[in-house]
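Trainee: Okay, here's what each chain looks like letter by letter:
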Amino acid sequence: MCNDLLVNIFEDGLFAAIAAIGFSSISNTPRRAYLTCALIAAAGHSIRYVISLPDFGGMNIIISSTLAAFAIGILAVLFASRIKCPAEVCFFPALLPMIPGMYAYRTVEALISCLCNTQEETFRHYFYLLAYNGLTCTFIVLGMVVGATIPVFMFKKLSFTATR
Amino acid sequence: MSQSMITWCVIAGVLSIAFIIRAIEWYYTECHHSGRKPWHIVEIGKEREIFFVPGDLDDNDIEDF
Amino acid sequence: MTNNTDIHEVASFLADYASHLLGCGATCIRIEKNTHRMAEAFGVESDISIMPTHIYVTACGKDASHNGVAIRKTASCGINFNLNARLSRLSWEVADNRLDFATAVKRFNKILETKPTGKWEVLFLTSFANAAFCRLFGGDPSAMLIVFISTLAGYRLKQIMLSDRRDVRLVFLCASFFSAALSAGGQLFGIGSTPEIALGTSVLYLIPGVPYINAVSDIIYKHYLCAFSRFADAAVLTACLTVGLCTGMLILGLKWF
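Protein chains in written order, with my numbering: chain A, 10 to 173; chain B, 2 to 66; chain C, 216 to 472.
Watch out, some of these pointers could steer you wrong.
[What the hints assert, rightly or not] One side of the interface only, derived from the structure: several residues of chain C facing chain A at Cβ under 8 angstroms:
1) 303
2) 331
3) 351
These are calculated hints, taken from the structure and not from any lab test. This structure is a prediction, so every number in the text was calculated from the model and none was measured. Think of the CB as a built atom: it goes at the ideal place given N, C-alpha and C, for glycine as much as any other residue.
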């Protein structure tokens, strides 16, 4: 069971790392930053995976995303000066794999189902889905971004001298 | 074969034809008429060209000032 | 900086610099800090106002009657972290090594010539990334393959349309439509056990994440106007990609997830 868990965590980190490298290439990240981005993303995503497991507290997805993003922010600020890039460059690709795409789609789906169903009972059901998914999605994104930006704010000196 | 499968094939076909046309155009401009303006088999006009009035400033020129 | 022409040149250089930083996706606080750092090194006092589409810089020498003002339109260079890092480094070089003004301008022009990452490299890395994404959401290998192919096609379409200088909103609409339609093939032909995850993930590479994150950062540093404009930009693009996705599913007659 323990082995299974380790394999899952490793897989989670690996795919998050691949995703981070790909998405950092879209925004023209310098090549020397790829490895750092990948490591930070892997660390962040596996942290979220572990703390949201039922065996380890089963934390709410919003809080676990915020905590993982906070860890990503700290790592990004610490590593930024090593690769001589601003901290945003490191944490943005690391945050992307945590964006709650599925919640966003379900929101849109519920919205359209809402418009197609006029009966009160079904409408109410889809409206509930719309509100639930929409709110979760919004707060995950907000929590993530605030969590990752706070370290930049905390270590202002360090994060703005990264490219020195 | 249902209707949506046919639609899917049409969409995929349109996209691949677009890519092939693009590749042919690229081949001709790069390998044959080097230095000339890019050449297009099918071209969609930009809205600038449709609404252009003589004397209008070109957006691209403004950046060169 | 002694005479009038110099101060004008400094102001316009600082404005050019700031407009490129804004264009390549730097946060407002970084733009302010970098510009002030350079102005200080040149021995002038400067102030900067960042509007969503324009940058406004004033520089003034020791003698208050010597001052220069420059306004620049935001450079349209697209999100480019490489440029961001290099420009930030330039500001530190100016401050620490006391580069003179002429050298700084020369370096700046040289930095602007840096080539972006190769388009084929970006294309394949993005496709792999989106396939990995699909796995993170619980897709099986065949779903990953579908996502890989549809991302490859959609992203190539985006590159072609952007190089033809099409409107970016139209580009997002078309790219998301074709990506979604292609990946819907998995559901239509019954490939794999998780085709709906493939469909959902196929357009995720288009989500404009950088403006969303920058918007929150700008809010923290009280640049509300810039924050709102970045957010609105990103929201419009997200709406376009949603419309593309929904159109694709509607045409193919698929149920909503």
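Trainee: Against each hint, give a clear statement of whether it holds in the structure.
Mentor: Cross-check of the supplied hints:
Of the supplied interface hints, the one on residue 303 of chain C holds, with its beta-carbon coming within about 4 angstroms of a beta-carbon of chain A, less than 8 angstroms. With its C-beta approaching chain A no nearer than about 5 angstroms, residue 331 of chain C sits inside the 8 angstroms limit, and its interface hint holds. Hint status for residue 351 of chain C: holds, given a least beta-carbon distance of 5 angstroms to chain A, under 8 angstroms.
Of the numbered hints listed earlier, not one is contradicted by the structure.
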